[in-house]
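Heads up: the protein sequence lines correspond to chains A and B, in order.
Here this note's numbering is used: the first residue of the first sequence is 1, the next is one more, and so on.
Here this note's numbering is used: the first residue of the second sequence is 1, the next is one more, and so on.
For the record, the hints were derived by calculation from the structure and aren't laboratory data.
For each residue, glycine too, the CB sits at the ideal point set by N, CA and C.
Please note that a few of the clues may not be correct.
Said to hold, decoys possible - Quick list of simulated restraints, FRET-style, between CB atoms:
#1 239/B - 240/A: 33 to 41 angstroms
#2 193/B - 81/A: 41 to 49 angstroms
#3 264/A - 172/B: 39 to 47 angstroms
#4 240/A - 301/B: 52 to 60 angstroms
#5 175/A - 226/B: 26 to 34 angstroms
#6 226/B - 237/A: 45 to 53 angstroms
#7 68/A - 273/B: 51 to 59 angstroms
#8 227/A - 80/B: 55 to 63 angstroms
#9 289/A - 226/B: 54 to 62 angstroms
#10 319/B - 82/A: 55 to 63 angstroms
#11 212/A - 108/B: 41 to 49 angstroms
#12 297/A - 133/B: 52 to 60 angstroms
#13 228/B - 67/A: 50 to 58 angstroms
#14 193/B - 134/A: 49 to 57 angstroms
As the list claims (entries may be wrong) - Not everything, but these chain B residues come out facing chain A in the computed CB check (under 8 angstroms):
#15 124
#16 127
#17 186
What follows is each chain in one-letter form.
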Amino acid sequence: MTCLCYLRCVRKLWTPAEASQLLKVVNLHRSVHQLQHKKVMAEEKPWALISEVSEQGYLEEMVDVIKPHFHIINYKDFQQNQQLHGPKIQALLLWNAFPVVEPSLLSLLPSLKVVANGGVGIDHLDVPYINSLGVKVTNTPGVVSNATADIGMALLLASARKVVEGHQVAMDPKITHIPQSLMGVEVSESTLGIIGMGHIGYKIAQRGKGFDMKILYHNRSRRSVEDEQAVGATYCANMDDLLKESDFVMLAVNLTPETTRLIGHRQLSLMKPTATLVNVSRGLVVDQDALVKALQSGTIRAAALDVTYPEPLPRDHPLLGLPNVLITPHVGTHTLATTIKMVQQMVDNAVAAVKGQTAPNEVKPK
Amino acid sequence: MMEMFYFHLHLQAMEQDKPWALISEVGGVSQMMEMFCVLPRQAMEQDKPWALISEVGGDCGLLEDHLDIVKHHFQVLCYQDFLQNPELHGPKVQALLMWRYYPEARPALLRMLPSLKVVSSGGAGVDHLDVAFINGLGAKVSNTPGVVSRATADLAMGLLLASARRILEGHRVARDPETRRIPLNLQGADVSGATLGIVGMGDTGFKIAQRGHGFEMDVLYHNRNRRSLEDEQAVGATFCQKLDELLTRSDFVVLAVRLTSETAGLIGTRELELMKPTATLVNISRGQVVDQDALVQALRSGTIRAAALDVTHPEPLPRSGKHSVSQSHVQMTQKNIETDS
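Hey, can you work out the whole structure from these sequences and the hints?
Structure below.
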């Protein structure tokens with residue numbers, strides 16, 4: 001607006017030729033001003049700390065989602081000069097639980113407004129402590145559910161129908177005849193017991209119903225009648241009943257003090273010897289030592305795990321050597337489409353929190 | 001003399017309406033005869049017709065656990081024993097129970113079985129049988145449709161999911177002695193919400209559609225005949241008159257057709273090129289439905305993303321197949337067979 005007033009003044013006071021000359025300069029100034037404005041806007045983008053851009057951290061496609069909203073600094077660069085970089089950082093974009101959110105790190109980030117987690121599980125975060133520093137915590141529920149439910153079913157089917165062994169036999173150079181030892185167990189019309197009937201558990205029930213499976217579920221609270229009827233699920237107030245009756249036990253709880261070691265020696269003993277345990281929650285929901293014993297002794301038929309504790313397991317861990325265990329390296333949400341949606345949601349949460357607005361998925365301590 | 005004895009017992013039972021009891025042999029039965037009519041097991045056995053099977057156990061034979069089902073109705077002759085004296089054994093055989101394609105119903109064998117009434121094949125597919133020829137000898141051919149559908153549909157989904165979400169590679173990485181960190185670049189393809197194209201919407205194809213529907217997939221199907229509206233609505237399936245349309249739109253193409261002269265080589269270079277480069281081919285039909293050389297080319301060149309096969313031609317393949325999740329032909333599960341009794 002200042003430019004316009006200036007223009008009018010110039011036109012009134014000067015000859016057309018001189019005005020024309022000056023206008024060119026004014027236009028130049030305006031362009032420069034606009035450029036400066038853009039630069040300021042760009043500089044106004046807040047700073048976010050991430051782990052790294054690599055196979056172990058953020059893929060390029062993920063960074064492309066973040067860049068329009070944040071300047072990015074990776075952890076290694078941050079560590080080079082913590083005093084310089086620390087105070088700039090307003091958001092910590094947490095992927096794969098790295099960098100580790102400890103008091104020592106947080107003390108270096110005085111401007112931090114939000115720890116925005118990529119993923120729904122926040123068992124690795126001390127939410128009350130982080131909140132006490134005036135920092136919000138956000139996660140990405142909902143967007144992870146389809147892919148996680150899919151991996152639960154993929155593991156269930158692969159274990160039941162011996163897909164891995166079948167593939168190995170089919171590829172084995174020494175095979176001339178197809179062995180009958182690849183007999184699996186029936187999935188259709190078997191009983192699927194889901195422990196944890198949140199968003200993910202419910203999607204699993206939906207998928208199980210497509211296989212005409214009988215669905216049992218155990219949850220802190222019972223679902224509505226409509227929900228139950230939609231997936232043909234029966235509530236088991238007592239988890240023991242679910243364990244006794246199920247052919248497939250699927251763990252879809254979040255990790256809390258209550259669900260830590262939820263499945264131990266006693267629970268495994270209640271399961272059928274023909275039953276399979278599938279875990280898409282967290283490794284710590286299962287007592288792994290008890291699980292090893294149960295698998296070795298035939299207390300249960302098999303286990304299929306997308307999660308363990310730790311991840312990855314030590315290379316000499318007994319679970320890695322058991323023939324009736326299928327393990328995947330926490331690939332529950334590993335599709336590009338889901339990953340991008342998660343990053344988008346993580347960024348949306350972080351942008352809102354940095355602006356002081358309500359973040360769509362703020363995690364509030366209970 | 002013995003025959004008269006048994007006949008007398010039979011009449012007695014008819015008159016008195018007593019229940020029948022099977023015992024091992026005749027001896028010390030007077031008291032039992034007060035209560036039951038008795039017929040020794042031996043006589044019962046001799047009444048049963050003879051069935052020829054390949055073997056018990058081994059790679060191709062009937063499982064030991066299932067032999068009782070057969071023995072309930074038949075006296076069992078194994079192929080090796082038959083070969084000891086075909087002239088003696090051949091004329092006894094009234095049924096050929098074919099399990100996993102054995103014993104093969106070749107003309108040379110069939111000609112040694114003059115009393116043969118039926119070739120009863122375990123499984124739904126009969127592409128391995130010359131039905132016309134067998135009928136020409138006065139023998140029937142039977143198969144086991146329906147009972148195989150659920151387990152086959154389950155495996156189709158199992159292969160689809162294993163391929164899409166890279167279960168094999170994941171398991172390998174999880175167990176690899178060199179793995180120190182969880183890799184974040186083991187990305188797969190979404191199944192939920194993807195487009196599932198089913199080629200062949202018979203009993204098995206329909207069950208696959210049902211399962212895909214549970215994953216909120218967009219289900220397309222191509223079939224010689226269109227299904228009823230109720231069927232389509234039940235599984236949210238859309239009919240594709242033209243196979244090409246299904247191929248261009250699908251993220252997962254599942255082959256669930258029978259092998260016939262029309263479906264042999266149904267999926268060749270042209271069809272594979274119509275598919276999306278991100279698409280997966282799943283085959284639970286027969287190996288010959290797919291032009292395997294064309295498939296290898298398509299996989300190597302990235303024309304399609306991946307293939308997941310429960311069937312190949314031959315089975316097993318000569319040692320190759322680097323690019324596919326290849327499963328041996330084992331879609332029948334133990335429980336499925338047990339419930340058949």
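Here's how the hints hold up against the structure:
1. 239/B - 240/A: 33 to 41 angstroms: Violated - the Cβ-Cβ distance for residue 239/B and residue 240/A, about 47 angstroms, lies outside 33 to 41 angstroms.
2. 193/B - 81/A: 41 to 49 angstroms: holds (45 angstroms)
3. 264/A - 172/B: 39 to 47 angstroms: 29 angstroms Cβ-Cβ, so the 39 to 47 angstroms window is violated.
4. 240/A - 301/B: 52 to 60 angstroms: With a Cβ separation near 55 angstroms, residue 240/A and residue 301/B satisfy 52 to 60 angstroms, so the hint holds.
5. 175/A - 226/B: 26 to 34 angstroms: Roughly 41 angstroms apart at Cβ, these two residues miss the hinted range, so it is violated.
6. 226/B - 237/A: 45 to 53 angstroms: Holds - the Cβ-Cβ distance for residue 226/B and residue 237/A, about 46 angstroms, lies within 45 to 53 angstroms.
7. 68/A - 273/B: 51 to 59 angstroms: Violated - the Cβ-Cβ distance for residue 68/A and residue 273/B, about 37 angstroms, lies outside 51 to 59 angstroms.
8. 227/A - 80/B: 55 to 63 angstroms: holds (59 angstroms)
9. 289/A - 226/B: 54 to 62 angstroms: Cβ of residue 289/A to Cβ of residue 226/B: about 56 angstroms, so the range 54 to 62 angstroms holds.
10. 319/B - 82/A: 55 to 63 angstroms: Because 57 angstroms falls inside the window, the suggested range holds.
11. 212/A - 108/B: 41 to 49 angstroms: holds (44 angstroms)
12. 297/A - 133/B: 52 to 60 angstroms: holds (53 angstroms)
13. 228/B - 67/A: 50 to 58 angstroms: holds (52 angstroms)
14. 193/B - 134/A: 49 to 57 angstroms: The hint (49 to 57 angstroms, Cβ to Cβ) is violated, given that residue 193/B and residue 134/A are roughly 39 angstroms apart.
15. 124: violated (16 angstroms)
16. 127: This interface hint is violated because 17 angstroms lies over the 8 angstroms limit.
17. 186: holds (6 angstroms)
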